[in-house]
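So the protein sequences, as listed, match chains A and B. For my numbering, count along the first sequence from 1 and bump the result up by 813. For my numbering, count along the second sequence from 1 and bump the result up by 813.
These are computed hints drawn from the structure, not numbers from a lab. Where hints are given, some of them may not hold.
Heads up, the list lumps identical chains together, so a pair's fine if it works in one copy or across two of them.
Capping the alpha-carbon separation at 30 Å, the derived lysine-lysine pairs in BS3-like fashion look like this [what the hints assert, rightly or not]:
hint	residue 1	residue 2
1	K875	K969
2	K962	K875
3	K858	K889
4	K858	K891
5	K982	K946
6	K969	K891
7	K982	K969
8	K858	K875
9	K969	K889
10	K962	K884
11	K962	K891
12	K982	K891
13	K946	K889
14	K889	K962
15	K969	K884
16	K889	K875
17	K946	K875
18	K839	K884
19	K982	K875
Number of protein chains: 2
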Amino acid sequence: METLDFIFDFGSPNAYLVHKVLPEFKLVNNIHINYIPCLLGGIFKQTNNRSPMEAFANILGKSDYENLEMKRFIEKHKINNYNPNPFFPVNTLTLMRGAIVAHRENWLDNYIEAGFHHMWENPKNMGDPEVYKNAMLSSGFNSSDLLNKIQTNEVKEQLITNTRRAVEKGVFGVPTFFLEDQMFFGKERLTQIEAILTD
Amino acid sequence: METLDFIFDFGSPNAYLVHKVLPEFKLVNNIHINYIPCLLGGIFKQTNNRSPMEAFANILGKSDYENLEMKRFIEKHKINNYNPNPFFPVNTLTLMRGAIVAHRENWLDNYIEAGFHHMWENPKNMGDPEVYKNAMLSSGFNSSDLLNKIQTNEVKEQLITNTRRAVEKGVFGVPTFFLEDQMFFGKERLTQIEAILTD
Chain A
814 METLDFIFDF GSPNAYLVHK VLPEFKLVNN IHINYIPCLL GGIFKQTNNR SPMEAFANIL
874 GKSDYENLEM KRFIEKHKIN NYNPNPFFPV NTLTLMRGAI VAHRENWLDN YIEAGFHHMW
934 ENPKNMGDPE VYKNAMLSSG FNSSDLLNKI QTNEVKEQLI TNTRRAVEKG VFGVPTFFLE
994 DQMFFGKERL TQIEAILTD
Chain B
814 METLDFIFDF GSPNAYLVHK VLPEFKLVNN IHINYIPCLL GGIFKQTNNR SPMEAFANIL
874 GKSDYENLEM KRFIEKHKIN NYNPNPFFPV NTLTLMRGAI VAHRENWLDN YIEAGFHHMW
934 ENPKNMGDPE VYKNAMLSSG FNSSDLLNKI QTNEVKEQLI TNTRRAVEKG VFGVPTFFLE
994 DQMFFGKERL TQIEAILTD
């Protein structure tokens, strides 16, 4: 079975939208999806990039068009639970370090569902440690234990390493995918990846 | 028969690539393509936008990825004659005014072929009036007559009007398409438009 690497950060609405589509994409294309937690803020810093919201802020019509394409994607894929996060852009450092903990302990899948839920379905300011703690508790996780483990050097270092490796491979934003060495950026690329897989 | 409006400027390599794909797209989807000449420089000025080359210049990896997607598009559609224009970005004011003349005289199709050819197949600095004159002559057009007509107010005004109308409808770059009131930006959108047409 082939593997599609998915470079993600919970802070990106387009990463959320892609996440909602991946279960069906996985089934249809018989492919394994490998979620790789990276810090989008770190990627932006290392590549001198910015969020579309910032980059397009002063360009007439461009943000409106971005929103239109999000709406089209949501309608096409019948995504029902998306809610813009009023605290955007959210500092995702704790959230992403938590993903490293969950990955090391083999419960990343559950953590990912919770992380995206609290960012883009029932959105809150997940950059606030207290909000994070309560949200993760409400999702059935041991928040105190999670917050302790997040402080360890191993966890911090792993997120830095994931992020640096992504940038070294050419990543400048999320969602980004790798099919072996072929890189694809943006939610629109799933169609292209599917065409390659079914070729 | 439905009509797809295509907002274009010869100066955009992605407009060229789309132009090469449209004949087949037209046949497959039984649609009329309405080429609307606009001045990309004017669109950028009015929307505070810039060319991808400028906007991505300082973002690590982003231009490389843009080039990769151009390469993929070229390979997918078996485009054989594309040659980057060493004079990019070329001032397209004369070229686009010429398109207005050709449109008024009902030979826009031939002019479009010539314009794209001299920009992206056998590329030259088409912003230079002397180069433009010789290129159009070599394509079988009456260059002197064309250059005279380009100087008329009606022609200048029409290009300004086309450009302003495009911006008013939300255009911030090319290639941009309109299927009735639905706007699509970028060469990747043809797949989306096709999906709508065949729905």
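Compare the structure with the hints numbered earlier in the document and write down the numbers of the violated ones, lowest to highest.
Of the numbered hints, 2, 3, 4, 5, 6, 9, 10, 11, 13, 14, 15, 17 do not hold.
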